[in-house]
Structures are given as C-alpha cells and as structure tokens.
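Chemist: Sequence:
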Amino acid sequence: MKAWYLLYCKRHEQMRAEIHLKNQGVDCYYPKFRVNKMKKGKIISSTEPLFPSYIFIQFDYEIGPSFTSIRSTRGVVDFVRKGNVPIEVDASLITSLENLTVKANVEQKKNKRGDVIKIKRGQFSGVEAVFYESGGDARSIILINLINTRTKVSIENEDIDFQ
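Using the numbering used here, read the sequence shown as starting at 1 and increasing by one per residue.
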C-alpha cells in the first residue's frame, strides 16, 4: 500500500532529488509558495520552498523501490525517522498543504478602473477609494475623495483591501 514519507535532502538539491526520485517511479510533492522580496530597491516575485531541504514522497515499499535505494538517491540525505523507522505522513496533511499552497499562489484578481477598494493601513486607513490603475507590481494608483476633489494617490498593494 502506498504511503507518504518525508525526506531530508542536501541543501539546494531538492530539485535534483525530485527528478531522480520520479525516474524511480516515486510520487513527489515539494510544496512551494510565491514570495515578494526586495532586491536592489525593487520588489521581485519569486517561488520558494515551503520546507527548505524537505520533500514529501509517496511509494509502496513492498512493490516499488526499497528504502535503501531511495535513501541512496542523488540529493537525498535520509528519511525523517523516529528511531530507526521512517515516519509515515498522514495523507490529510499532504492534502491540506496542497490546498494551502494553491490558495497562497492564487494570483490577486485584476482590478478594473472604477472598482471600489478600502485602504487597510497607512495614513488613509479605513478610507474607501476608487481603483484607478496599476502602478507597477507592488503599487496601485487610487482616487481618494479629499475636500470634494478626487485626488490620485500611489499606494502599496499590501495596504489595499481589494474587495
């Protein structure tokens, strides 16, 4: 019967291990998520592992490859164990992780000019405004009603509640 296990891999070798494990017929799950990082003054979106140096694998040790052959796979250090026995991971955990990473990686919906938004942080916190246009990957230009005049303001996307 197929079961999920957790492997510890050599640093930065998870992708290599995943390729070699798949060549052996082992199902692999290597959860990743999208993150925005500041690099040289610009925000860059990249994908990073949720658990660096770890890969979840599913296989049937009675039919498929042995624990020894998996442990000897290039890039793999060893199974996560309790004593001498590799720990089985519950399938519901894998399902939960898949759902979590899918939700985290869903692209933010594209807003149209005229959409009503609410500012959640900063000096205009709690104020409703109108989306005007995207000001790049990390900012948006919005229209705020100040003294009966609509004023364009550039604001971080993190500070906006896109309804």
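Incorrect hints may appear among the rest.
As the list claims (entries may be wrong) - Derived DSSO-like pairs: lysine-lysine, alpha-carbon spacing no greater than 30 Å straight-line:
id, residue 1, residue 2
1, Lys32, Lys22
2, Lys2, Lys37
3, Lys10, Lys82
4, Lys82, Lys112
5, Lys22, Lys112
6, Lys32, Lys120
7, Lys2, Lys120
8, Lys152, Lys120
9, Lys10, Lys32
10, Lys10, Lys37
These are calculated hints, taken from the structure and not from any lab test.
Chemist: None of the hints should be skipped; say for each whether it holds.
Modeler: Hint by hint, here is what the structure shows:
no.: 1; hint: Lys32 / Lys22; result: 18 Å, holds
no.: 2; hint: Lys2 / Lys37; result: 38 Å, violated
no.: 3; hint: Lys10 / Lys82; result: 20 Å, holds
no.: 4; hint: Lys82 / Lys112; result: 53 Å, violated
no.: 5; hint: Lys22 / Lys112; result: 43 Å, violated
no.: 6; hint: Lys32 / Lys120; result: 28 Å, holds
no.: 7; hint: Lys2 / Lys120; result: 47 Å, violated
no.: 8; hint: Lys152 / Lys120; result: 17 Å, holds
no.: 9; hint: Lys10 / Lys32; result: 17 Å, holds
no.: 10; hint: Lys10 / Lys37; result: 24 Å, holds
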